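S.K.: Given the sequences, and given the hints that come with them, work out the whole structure.
Residue numbers (my numbering), protein chains in the order written: chain A, 37 to 325; chain B, 17 to 254.
These aren't lab readings, by the way, just hints derived from the structure by calculation. As the structure is a computational prediction, the values presented were derived from the model and not from experiment. Even for Gly, the Cβ is constructed at its ideal location relative to N, Cα and C. Heads up, a few of these hints could be off.
DEER-style ranges, computed between Cβ atoms [stated by the list, open to error]:
id: 1; chain 1: A; residue 1: Ile180; chain 2: B; residue 2: Ala189; range: 54 to 60 Å
id: 2; chain 1: B; residue 1: Asp71; chain 2: A; residue 2: Gln221; range: 20 to 26 Å
id: 3; chain 1: A; residue 1: Pro294; chain 2: B; residue 2: Trp72; range: 54 to 60 Å
id: 4; chain 1: A; residue 1: Gly149; chain 2: B; residue 2: Ser149; range: 50 to 56 Å
id: 5; chain 1: A; residue 1: Tyr253; chain 2: B; residue 2: Gly202; range: 58 to 64 Å
id: 6; chain 1: B; residue 1: Thr194; chain 2: A; residue 2: Gln221; range: 30 to 36 Å
id: 7; chain 1: A; residue 1: Ser196; chain 2: B; residue 2: Gln148; range: 40 to 46 Å
id: 8; chain 1: A; residue 1: Ser196; chain 2: B; residue 2: Thr18; range: 35 to 41 Å
id: 9; chain 1: A; residue 1: Val95; chain 2: B; residue 2: Ser149; range: 40 to 46 Å
id: 10; chain 1: B; residue 1: Ser149; chain 2: A; residue 2: Leu310; range: 24 to 30 Å
id: 11; chain 1: B; residue 1: Asp199; chain 2: A; residue 2: Leu309; range: 51 to 57 Å
id: 12; chain 1: A; residue 1: Phe157; chain 2: B; residue 2: Asp71; range: 17 to 23 Å
Listing some non-contacts, in silico: residues in chain A with all C-beta distances to chain B over 12 Å [unchecked claim]:
id: 13; residue: Ile89
id: 14; residue: Arg122
id: 15; residue: Gly149
id: 16; residue: Ile198
id: 17; residue: Asn208
id: 18; residue: Gln243
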Amino acid sequence: MTDVVTTINLAAVYGLIGVGISLTWAGLGFLNLAHGVTFAAALYGAWWTQENISDYPGVIFLGGVVVGALAGAIVCVSVFLPLDGRPNWDFRSIVASLGLSIIGIYTFFLVFGPQRKSIDFLFGTTKFKLGGTTITADKSGAIISANVVMILVVVALMKSRIGLGVRALTQNPEGAALVGIGRRQAAFAILMVSGALAGFAAVLLSQIFYPEPNIGYLPLLKGLIVALLGGLGSIGGAVVAALLVGGTEAVTSHYLDPGWILVTQFGLIAVVLLVRPRGVAGILEGTRA
Amino acid sequence: MTAILEVRKLSAGYGPLRVLHEIDLAVAPGERVGLVGLNGHGKTTLLRSVMGLVDWRRGELELDGKSILRTPAHRLARAGVVLMPQGDALFPGLSVRDNLDSGAFAAGWRERKQRRDRVLQLFPRLADRLGQSAGTLSGGERRMCSLGRGLMTNARVFLIDEPSLGLAPGIAAGLFSTLRELDLEGGTLILAEQNRTLLEGWIDRIVRIHHGQVAGIERGSPGPDGGPAEGEGPETER
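M.R.: Take a look at the structure:
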């Protein structure tokens with residue numbers, strides 16, 4: 037039961053990061069390697085908010101989400117807009133986002149120093165029992181709020197005008213242009229929403245991932261695993277992949293050793309992509325290619 | 017009368033390939049123009065180059081007297097120019113409803129339901145397919161969906177590329193009857209079509225494109241609904 041709770045908890049949070057990476061790839065053809073530094077920026081934003089504005093949990097969350105969205109806008113302005121449409125866009129955008137990531141990490145070193153910061157328990161310290169398993173408020177809060185946010189994102193994508201624009205862009209960029217959907221304007225929306233989701237995930241994970249300059253690497257890796265496993269561009273695939281990744285992590289650390297987590301997760305990717313090159317999305321759609 | 021769309025000395029192509037050679041064409045408000053010519057001679061490239069969907073173009077392109085040579089496709093769409101391309105350019109993973117509604121993205125989002133109802137009156141077959149993915153539609157239904165999406169916009173300039181391509185004659189005739197009824201409201205329609213008989217009776221001018229150049233311009237053939245007068249016959253202007 038503990039493994040199940042941990043799985044759902046991790047899946048919910050990794051899903052938020054993976055969906056952002058997946059949307060950015062599908063909508064813009066951009067594999068954003070600066071997503072990890074966006075995560076770190078949001079963590080610092082939440083910590084700074086706690087230290088300087090208010091330690092009320094809602095305000096701390098808001099601080100993290102707003103800084104995450106702003107970091108997404110910075111990625112858009114400094115990487116996407118200057119390179120979009122240029123020759124070798126795919127490769128250059130990956131290198132540029134990696135470069136931005138390195139600049140971000142050194143900026144954090146310079147501004148905040150190398151030492152870890154800490155963020156308070158945002159959902160309190162209470163615990164309750166479910167089926168003989170003790171569940172902390174932190175975990176239950178993360179599960180509920182991450183799922184609420186994910187549902188809101190899906191509803192916005194399915195029901196709003198901007199959501200239709202983003203979905204259209206993921207399907208057919210030329211068709212999208214023909215109905216007036218501008219790729220560069222959409223880039224702002226996509227990267228800011230992705231950044232805000234990473235920011236929300238960062239605050240939810242703030243009891244495991246403390247604000248420090250290099251903290252974004254592992255969440256970036258987890259997000260990439262979820263997005264790749266889910267089939268880049270598929271929201272449904274990313275949600276299922278997040279469950280698989282969270283489950284693998286919980287089971288590996290319980291029965292093997294936490295040091296084996298990335299090994300089992302990459303093993304899972306290898307197996308799924310060998311059987312279905314489009315990842316979980318391919319399984320959901322019943323396609324092989 | 018001032019041209020709504022004017023093309024002057026337009027050359028365009030893909031990579032090193034030059035497809036259009038200094039095309040001149042002016043289209044007046046309310047006018048219906050048909051582009052005819054053999055496959056591969058530049059009809060599609062002419063329509064795509066108006067939207068900027070070619071690798072390069074030179075010359076001048078004006079909409080309402082203003083240059084649009086550097087205007088990207090999405091801004092032209094917002095300005096009321098709609099291209100219904102040969103490949104349909106639908107969103108295959110989205111439902112027919114979403115595909116139609118995307119036509120109202122640039123303008124008229126709030127009135128999309130009324131506009132959709134109007135389109136469904138023109139293409140009742142789509143009404144049964146609203147929840148279905150566009151990628152699962154038949155060829156004829158995809159054309160209807162693409163045309164329907166174009167009609168969901170508040171376009172003034174309709175650029176329609178080979179609507180009859182790959183369609184059974186009966187379905188093609190139905191589509192053309194819808195296009196014939198289209199109320200341009202001072203806008204214009206430019207239609208590329210290989211099957212010239214489908215243009216008879218309702219198109220005002222026929223432009224023959226040959227080897228990327230305008231090989232001739234003819235008055236449209238007589239029609240019962242206000243087309244050129246009976247007996248005039250085709251007249252070559254160039």
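S.K.: Taking the numbered hints from earlier one at a time, note which ones the structure violates and give those numbers from smallest to largest.
M.R.: 7, 12, 16, 17
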